[in-house]
Amino acid sequence: ETGVTQSPTHLIKTRGQQVTLRCSSQSGHNTVSWYQQALGQGPQFIFQYYREEENGRGNFPPRFSGLQFPNYSSELNVNALELDDSALYLCASSLGGLAATDTQYFGPGTRLTVL
Amino acid sequence: GENVEQHPSTLSVQEGDSAVIKCTYSDSASNYFPWYKQELGKRPQLIIDIRSNVGEKKDQRIAVTLNKTAKHFSLHITETQPEDSAVYFCAASRGSGGYQKVTFGTGTKLQVIP
Chain A
28 ETGVTQSPTH
38 LIKTRGQQVT
48 LRCSSQSGHN
58 TVSWYQQALG
68 QGPQFIFQYY
78 REEENGRGNF
88 PPRFSGLQFP
98 NYSSELNVNA
108 LELDDSALYL
118 CASSLGGLAA
128 TDTQYFGPGT
138 RLTVL
Chain B
12 GENVEQHPST
22 LSVQEGDSAV
32 IKCTYSDSAS
42 NYFPWYKQEL
52 GKRPQLIIDI
62 RSNVGEKKDQ
72 RIAVTLNKTA
82 KHFSLHITET
92 QPEDSAVYFC
102 AASRGSGGYQ
112 KVTFGTGTKL
122 QVIP
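Residue numbers (the numbering used here), protein chains in the order written: chain A, 28 to 142; chain B, 12 to 125.
Simulated from the structure, these hints should not be mistaken for laboratory data.
Since the structure is predicted, the reported quantities are computational estimates derived from the model, not experimental observations.
Where hints are given, some of them may not hold.
[Unchecked claim] Anything over 10 Å on all C-beta distances counts as not near chain A; from chain B, calculated:
#1 Gln17
#2 Ser41
#3 Ala81
#4 Glu94
#5 Gly118
[Stated by the list, open to error] Far from chain A, some chain B residues (derived; all Cβ distances over 10 Å):
#6 Ser23
#7 Thr35
#8 Ser39
#9 Asp60
#10 Ala74
#11 Lys79
#12 Asp95
#13 Thr117
[Stated by the list, open to error] Label pairs and their calculated CB-CB ranges:
#14 B:Gln71 - A:Arg42: 46 to 52 Å
#15 A:Leu38 - B:Gln56: 20 to 26 Å
#16 A:Thr130 - B:Glu26: 27 to 33 Å
#17 A:Glu109 - B:Ser29: 39 to 45 Å
#18 B:Leu57 - A:Ser34: 20 to 26 Å
#19 A:Gly123 - B:Val65: 17 to 23 Å
#20 B:Leu51 - A:Arg90: 25 to 31 Å
#21 B:Gln71 - A:Thr41: 46 to 52 Å
#22 A:Glu109 - B:Glu90: 42 to 48 Å
#23 A:Ile39 - B:Ser39: 40 to 46 Å
The beta carbon of each residue, even a glycine, is placed where N, CA and C say it ideally should be.
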């Protein structure tokens, strides 16, 4: 059984650019949630994908978008980057997004720096 | 929406002593409460969780208690060791319109002094 993986590990972009982050879910998991973790803060929920569809979203603007693929891996896309987007982006996979009591397992994160 | 408050923000204990971290939540529909440990530069790792039909759960030196009436839950670490030093996050989870919404606390930085 493989764990959750993310790529790239680190990324540096400038304001206004676009970025794509990738996540491979744990074997057997069909749900991926994305979080933004600013320095010294807890993870903030961005959105969740279940069976290739976004089925829930937090308080993030539309320039944050995502995809989930048939193998349940996922991408997070951020357009028109702002300085405040600098953070650690975490994905977490779980068995099924419809259950409130599912355990979420995190990937190692992608550290995004926006200059 | 859900609001999770976590205290204290920092905690220093001597090795061998106990550490207690407390969280409160606002949404009575939350029914799953995981705790994560995050070491510097690493991913959050689940250390223990509790579901709303249980009042207490223990796993070796770690225990969690839940009071649904008061909407608070706590993490207890006994016989602390230097490797327990990390940031600990509590979280509250509920089903919301067909998806799982997890809200995290702001974290407690635990330092265990040898």
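Do the hints match the structure? See the list:
Interface exclusion of B:Gln17 from chain A breaks down, the closest Cβ pair being 8 Å apart, not more than 10 Å. The beta carbon of B:Ser41 sits about 8 Å from the closest Cβ of chain A, which is not more than 10 Å, so the claim that it is off the interface is violated. Consistency note on B:Ala81: stated as away from chain A, and its beta-carbon is indeed over 10 Å from all of that chain's, at 20 Å minimum. The non-interface label for B:Glu94 is consistent with chain A: the shortest C-beta to C-beta separation is roughly 19 Å, beyond 10 Å.
A beta-carbon of chain A comes within 10 Å of the beta-carbon of B:Gly118; the shortest separation is about 5 Å. The beta carbon of B:Ser23 sits about 17 Å from the closest Cβ of chain A, which is more than 10 Å, so the claim that it is off the interface holds. Every CB of chain A is more than 10 Å from the CB of B:Thr35 (nearest about 14 Å), matching its label as outside the interface. Taking the minimum C-beta to C-beta distance to chain A, about 13 Å, the non-interface status of B:Ser39 holds against the 10 Å cut.
Under the 10 Å C-beta cut-off, the non-interface status given to B:Asp60 relative to chain A is violated; the minimum distance is some 6 Å. With a least CB separation of 18 Å from chain A, B:Ala74 remains clear of the 10 Å interface cut-off, as annotated. At the 10 Å boundary, the C-beta of B:Lys79 stays outside the reach of chain A, the nearest C-beta of that chain being 14 Å off. Residue placement check: B:Asp95 keeps its beta carbon more than 10 Å from all beta carbons of chain A (closest about 19 Å).
At roughly 5 Å, the least C-beta separation between B:Thr117 and chain A is not larger than 10 Å, which violates its mark as non-interface. Judged by the Cβ atoms, the range 46 to 52 Å given for B:Gln71 and A:Arg42 holds: they are separated by roughly 48 Å. With their beta carbons about 23 Å apart, A:Leu38 and B:Gln56 fall inside the hinted range of 20 to 26 Å. Taking 27 to 33 Å as the suggested C-beta distance range, the pair A:Thr130 and B:Glu26 conforms, at roughly 30 Å.
Checked against the hint of 39 to 45 Å, the C-beta distance between A:Glu109 and B:Ser29 comes to roughly 43 Å, which is consistent with it. Distance hint check: the CB atoms of B:Leu57 and A:Ser34 are about 22 Å apart, consistent with the given range 20 to 26 Å. A hinted range of 17 to 23 Å holds for the C-beta pair A:Gly123 and B:Val65, which are about 21 Å apart. Judged by the Cβ atoms, the range 25 to 31 Å given for B:Leu51 and A:Arg90 holds: they are separated by roughly 30 Å.
Evaluation of the 46 to 52 Å hint for B:Gln71 and A:Thr41 yields a pass: the beta carbon distance comes to about 48 Å. For the hinted restraint 42 to 48 Å between A:Glu109 and B:Glu90, the CB-CB distance of approximately 46 Å keeps it satisfied. Distance hint check for A:Ile39 and B:Ser39: the Cβ-Cβ separation is about 43 Å, which falls inside the suggested range of 40 to 46 Å.
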